[in-house]
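For reference, the chains in residue letters:
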Amino acid sequence: MDTDLLKQLNEERQARRAAILITDLGDGSGRLLREGESAGDAFGDAAERAFRSGKSAVVEADGRDYFLNVHLPPARLVVIGAVHISQALAPMARIAGFDMTVIDPRTAFATQERFSGVELLAEWPDEVLERVPLDAYTALAAVTHDPKIDDFPLKCALEAGCFYVGALGSRKTHAKRVERLKELGLDDNRIGRISAPIGLDIGASSPSEIAVAILAEVIAALRKRQVAVR
Amino acid sequence: MNDTQEPLDPLTVAERWAGEGRDVAIATVVETWGSAPRPVGSHLVIDGEGNFHGSVSGGCVEGAVVSEAIDVMSEGRPRVLEFGVADETAWQVGLSCGGRIRVFVEKLR
Numbered sequence: 012m013d014t015d016l017l018k019q020l021n022e023e024r025q026a027r028r029a030a031i032l033i034t035d036l037g038d039g040s041g042r043l044l045r046e047g048e049s050a051g052d053a054f055g056d057a058a059e060r061a062f063r064s065g066k067s068a069v070v071e072a073d074g075r076d077y078f079l080n081v082h083l084p085p086a087r088l089v090v091i092g093a094v095h096i097s098q099a100l101a102p103m104a105r106i107a108g109f110d111m112t113v114i115d116p117r118t119a120f121a122t123q124e125r126f127s128g129v130e131l132l133a134e135w136p137d138e139v140l141e142r143v144p145l146d147a148y149t150a151l152a153a154v155t156h157d158p159k160i161d162d163f164p165l166k167c168a169l170e171a172g173c174f175y176v177g178a179l180g181s182r183k184t185h186a187k188r189v190e191r192l193k194e195l196g197l198d199d200n201r202i203g204r205i206s207a208p209i210g211l212d213i214g215a216s217s218p219s220e221i222a223v224a225i226l227a228e229v230i231a232a233l234r235k236r237q238v239a240v241r
Numbered sequence: 082m083n084d085t086q087e088p089l090d091p092l093t094v095a096e097r098w099a100g101e102g103r104d105v106a107i108a109t110v111v112e113t114w115g116s117a118p119r120p121v122g123s124h125l126v127i128d129g130e131g132n133f134h135g136s137v138s139g140g141c142v143e144g145a146v147v148s149e150a151i152d153v154m155s156e157g158r159p160r161v162l163e164f165g166v167a168d169e170t171a172w173q174v175g176l177s178c179g180g181r182i183r184v185f186v187e188k189l190r
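So the protein sequences, as listed, match chains G and E. Residue numbers for the first sequence follow my numbering, so the first one is 12 and each next one is one higher. Residue numbers for the second sequence follow my numbering, so the first one is 82 and each next one is one higher.
Derived by calculation from the structure, the hints in this document are not laboratory data. Backbone N, C-alpha and C fix where the C-beta goes; we use that ideal spot for every residue, glycine too. Among these hints, one or two may not hold up.
As the list claims (entries may be wrong) - Using 16 Å as the maximum straight-line C-alpha spacing, the simulated EDC-like pairs for lysine to aspartate or glutamate come out as follows: (1) G:18 / E:96; (2) G:187 / G:162; (3) G:66 / G:56; (4) G:18 / E:101; (5) G:66 / E:112; (6) G:18 / E:90; (7) G:166 / G:138.
Claimed, not checked - Some chain G residues well away from chain E (every beta-carbon gap over 10 Å; in silico): (8) 18; (9) 24; (10) 56; (11) 59; (12) 74; (13) 116; (14) 141; (15) 219.
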């Protein structure tokens, strides 16, 4: 590998973009494959598998061994709403390996006492998201029930291509939300990506059970996501 | 879920060292069998003086990798090293956990 290639790789990683470093184990020559770029016939399937699973591996092609080292940004989970569900979700998300951030401008909810050990921001979502934008390796769950707080980050998440976007609320509540998001200029395709009612259908009823359902759905979205080739 | 957010992650350190004009070698775990302490893709970076950062085994074989890396830096040709259990062949540096790993060592050009 040469220093330029290392710089390019580090740039991709710092920008939270997925990339694979393909190294010829015979002579050490390498190249960078960014997500969405075509890897060519020899590596196509292996590269797509690596992007999806995050697992690096040695691949043989034309009688030579190549190492595909995949660098995926660490997955984040942004939760809008410092509610009971989020309190249950926080420790579980940490165990599952997600960096979780809770955003809620209502200071009565967003207290350190209720959320020890979690990044908690008692601010409006638009302020936070301007500073720390959402991306394809972030999941967003909006659980306040309050359109004033939930709608804007939902729109941001759909536009940023978050790998998961979920919103709490009944089908009736969601139907109204769909109308509001349309008025904000989002099309049906994008709005259709919202998981609502939120969470895998496991019959969850308590806040903790809903948290399990949300986390399971987030993991499914992360591990089963399709890598789109540009 | 990955190591990229770790402070002082090895590839960032390697870039910095190269920028300071130091010789740099990068060692990467490319395959593991059985219980291996560090996953495939883990890095150890080494400079010409034998300073190193990161890990490929959690401490068992780093010493051997560092000395091989110094050879690689002077010769320029990459190498693939294999480490296994330390019981049968006395000269071999081994992994106490019983696993086996393959480590690719290359010079940063």
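Verification of the hints:
no.	hint	verdict
1	G:18 / E:96	7 Å, holds
2	G:187 / G:162	11 Å, holds
3	G:66 / G:56	13 Å, holds
4	G:18 / E:101	14 Å, holds
5	G:66 / E:112	11 Å, holds
6	G:18 / E:90	14 Å, holds
7	G:166 / G:138	14 Å, holds
8	18	6 Å, violated
9	24	5 Å, violated
10	56	18 Å, holds
11	59	17 Å, holds
12	74	16 Å, holds
13	116	27 Å, holds
14	141	21 Å, holds
15	219	23 Å, holds
The structure fails hints 8 and 9 (numbered hints given earlier, in ascending order).
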